[in-house]
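**Q** These protein sequence lines map, in sequence, to chains F and U.
Take 1189 as the starting number for the first sequence in the working numbering and just add one per residue.
Take 386 as the starting number for the second sequence in the working numbering and just add one per residue.
These aren't lab readings, by the way, just hints derived from the structure by calculation.
Using N, Cα and C, we set each Cβ at its ideal position, and we do this for glycine too.
Treat each hint with caution, since some may be false.
[To be verified] Residues from chain F that face chain U, not an exhaustive set, calculated with beta carbons under 7 angstroms:
1. D1266
2. E1388
3. A1390
4. I1435
5. E1438
6. K1441
7. A1442
8. A1447
9. F1448
10. S1461
11. V1606
[Claimed, not checked] Okay, derived cross-link-like pairs now, BS3-like style, lysine-lysine, Cα gap no bigger than 25 angstroms in a straight line:
12. F:K1559 <-> F:K1248
13. F:K1544 <-> F:K1320
14. F:K1441 <-> U:K459
15. F:K1229 <-> F:K1320
16. F:K1249 <-> F:K1571
17. U:K596 <-> F:K1440
[Claimed, not checked] Pairwise CB distance ranges (calculated):
18. U:S510 <-> F:K1575: 32 to 42 angstroms
19. U:F500 <-> F:E1541: 53 to 63 angstroms
20. F:N1519 <-> U:L414: 41 to 51 angstroms
21. U:E533 <-> F:A1349: 38 to 48 angstroms
22. U:G446 <-> F:E1541: 54 to 64 angstroms
23. U:F500 <-> F:M1413: 17 to 27 angstroms
Read off the chains here:
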Amino acid sequence: MTDFHTPKLSRRSVLKGAAATVTAVGASTLGAPMIWAQNIKDVTLRQFGTGVSNLNEVGKKVKEDLGFNLEMTALDSDAVTQRAATQPDSFDIADIEYWICKKVWPTGNLQAMDVSKIKNYDKIVGIFRDGKLTPESTIAQGTAPHSVGFTTGVDGKEFVAEESGWMTLIPTIYNADTLGIRPDLIGREISTWAELLNPEFAGKASILDISSIGIMDAAMVCEAMGEIAYGDKGNMTKEEIDKTMAIFTEAKKAGQFRAFWKTFDESVNLMASGEVVIQSMWSPAITAVRSQGVPCVYQPLKEGYRSWGGGIGLSKSLSGLELDAAYEYINWYLDGWVGGFLMRQGYYSAVPETSKNFMSEDEWGFWFEGKPAQGDITNPFGKVMEKAGAVRDGGSFQDRMGAVACWNAVMDENQHMVRKWNEFIAA
Amino acid sequence: MRNLLKNRNVSGWMLASPLAVVLVCFLVLPIAMIIVVSFWGATEFSIYPAFLFDNYAFLFGSPVTYSVFFNTFKYAVITWGFTLVIGFTVAYFLAFHVRSLTWQIALFLLCTIPFWTSNIIRMISWIPFLGRNGLANSTLISWGVIDEPLEWLLFSDFSVILAFVHLYTLFMVVPIFNTMMRIDRSLIEAAYDNGASGLQTLTNVIIPLTKPGIMIGSIFVVTLVMGDFITVRFMSGSQSANVGRLISNDIALLQYPSAAATAVVLLSTVLLIIAVLLRFVDIRKEL
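Excised from the complex, chain U in its bound form:
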């Protein structure tokens, strides 16, 4: 027994086993269950074990699926673009323009203040603001910028993406800020000393070095947006659908197998996206 414990292989396995057990119980098994159920059959209020391809056949055979997946990608890409630009700018400002550490921490904490309330409240508070007779429209009218209230402010793709950007930009700021703080300042000085302009320093030094942060932030934002359903439901006034809503509709109607099939397809898609993203940057090497 003593010899067994001394064996490096065995002790290594044992040290890793608690995490492995947790991951198997709470990650691998549930996902395996979802995959299994996705082949089951369903009646109106019950599900029964089977090995059917009906759920997938219906999913891939319906034009709705494609338009909904397209919609989901659209939201993800646009949100990613906005959060990246805003997140990068904020992180850049915090990391390179704010000189004192105290202020950096203070301003960083300021960014997190909205997170003191719940996600849903932050989202719903846009509704009275953007509404036909809301604050935004009445202010614009009183300034004389517009004569008629802007209808597209609320219950539109605009409001959905606005809410996404508002909710998820911080997920971009944090990792980017984190990697920026690790950049050796002497590298930037060296770039200037070698005659690089500000833009050249940004594109040739800072952006390549913050890639891991950008990638982590992108993974956060993309997975959050792809998996969301409640933001889309509230901000589009139930008028648009994404994959998350498709799944939640199925669950509401007790169609668990069909919901599981959609979830499997969504999961594969998201994993594929992440795999592609990781091709660009080896996060483990860069961290």
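This is chain F alone, in the form it adopts within the complex:
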């Protein structure tokens, strides 16, 4: 017992009381979680992230299954980046996207995770490990999760290409994004990203005002229009950025856009109220519109999807009992309940096979395999989403995740891009 590390003396650890701390240190060195099962009830982990996966239901279930408290704070992507980069002591667990990780990791505010402590590591989908969904897949453009998923050691600052055993983020959820449309108001086939700037939808289109994601949607559109041929949409040159924004500024001035949205709720309201008939959108927003009885389709497009992935990272200040609790939480996260919960909202979980245990056969068939629903498909809150016979937009997991054209990304010319994006918004 000489080599145990002293937990950092923080206000919280002091408050927990000396007895608890001593037991905790003992337990973590012995690696016997059962011993500290008593103290873990006092642990509170503070998690923050984007609204998509920061759900109170998860916090409740953690309390039930694991016994400790999980406090959730939901913020928008910019605020998440800001907090992860500047306030490492304000959180224990950061639920961030991989492109945010690329920005935040070099600040050293997060610690890498030892995959030997992750029970289901081997079952994590290939996208997050070697970048390939199947051995034949090609890796899409942009910040592919595996490229920022591994580092050299617990304090590693550099990303490494191979599976090093030290993960920056444990993948939690991901999805393939495309355009959302109102089929009832459009009344014809939509098959390409270029339709976003089709003058037919003047005053009825929208794009999201989060520069790093918006620029990708814009690039998908410009490429589909045949206006620009990109070297790498995930890492554009200054000229490519300028050209892309010029096309969008022109469209904006011509009144193409009804509004820009920044939060999930805004996108739902724009679509449900009919202000907008075609816009960049996130999968659960489609579900939210549909659950209001308004037809809305997550339209698969021939150019493919713009994909994103999120994961949870640990604050560098986590140690001792809290760090153990965090690993416990990660293992629980990958164990299927959360996966099932999220998959029934249209996301994918990092370990689909465990999620399957928490979904009915019909739900699994509908959400994952792209099969027609046998009966009513309900969301995790019990609301009917789809009637029997419905098929998921875009089909199966393989069809959707196999058609990813680009990952959300941070570019080398990020600052230039942000400035151009601000000009576009102000134009």
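Assemble chain U onto chain F, guided by the hints.
**A** Then chain U, alone, in the frame of chain F:
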């Protein structure tokens, strides 16, 4: 010691010092900090102390800055015009048409009822009202006034200014009403006795005497509109920008020095406007 305390100068300083300390801590120091940071440098996620003019150079070198400042002035001027006319009319009605004090107080309180909910809620509630399929459009269509929904009602300069006027008119009503109540009624009677018409009384007696109230209200409205960012973002559907949004975008992207530089320029502009306004009326003398 006793003699020292008796000294009028010293006791005067000591009486003033609590306020001075509060103002220095919570007003002067933060602003000084903003000015200092505006010369710092920034990388993508950190800021470092330096003495650079980069932030200002970029700010003054970008055409976006000028168009955004122009936009901000436009909102401020138009909102000021509307709130002044509406605020003055309401205050005039309350002060001179409503005779009983009870009713004056009751009606005045009525004006403040919207303030029982938050600013943001009052603003957002316009969105479903003005939308393409909103209450305003569907009512106009059912009356046969229009055939097609009016697109410009929402997510336009119109909706931004509407929200501003709605949110800030009370800031005009209150000070104007306040000064109007202090006007000696015999002055108005004297004006009538001397044969002044209603309009002449208004322009030669009431308006000059309410100038301080108008000025205070104007300062409120102008500073509020110039410093706003959330109303512009929501009511324009993120399509228009004002200086406040420029700053909030910078902060969101962790570009604090650049945000500070913009804030310094905005602050100077607003102070300049207030200085000009105060040239017209010596508030201290008139109050």
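**Q** Evaluate each hint against the coordinates.
**A** Hints and how they fare:
| no. | hint | verdict |
| --- | --- | --- |
| 1 | D1266 | holds, 4 angstroms |
| 2 | E1388 | violated, 15 angstroms |
| 3 | A1390 | violated, 10 angstroms |
| 4 | I1435 | violated, 17 angstroms |
| 5 | E1438 | violated, 15 angstroms |
| 6 | K1441 | violated, 11 angstroms |
| 7 | A1442 | violated, 13 angstroms |
| 8 | A1447 | holds, 2 angstroms |
| 9 | F1448 | holds, 4 angstroms |
| 10 | S1461 | holds, 5 angstroms |
| 11 | V1606 | holds, 6 angstroms |
| 12 | F:K1559 <-> F:K1248 | violated, 32 angstroms |
| 13 | F:K1544 <-> F:K1320 | holds, 21 angstroms |
| 14 | F:K1441 <-> U:K459 | holds, 19 angstroms |
| 15 | F:K1229 <-> F:K1320 | violated, 40 angstroms |
| 16 | F:K1249 <-> F:K1571 | holds, 19 angstroms |
| 17 | U:K596 <-> F:K1440 | violated, 43 angstroms |
| 18 | U:S510 <-> F:K1575: 32 to 42 angstroms | holds, 34 angstroms |
| 19 | U:F500 <-> F:E1541: 53 to 63 angstroms | holds, 56 angstroms |
| 20 | F:N1519 <-> U:L414: 41 to 51 angstroms | holds, 48 angstroms |
| 21 | U:E533 <-> F:A1349: 38 to 48 angstroms | violated, 57 angstroms |
| 22 | U:G446 <-> F:E1541: 54 to 64 angstroms | holds, 56 angstroms |
| 23 | U:F500 <-> F:M1413: 17 to 27 angstroms | violated, 49 angstroms |
Hints 2, 3, 4, 5, 6, 7, 12, 15, 17, 21, 23, counting from the list given before, are not met by this structure.
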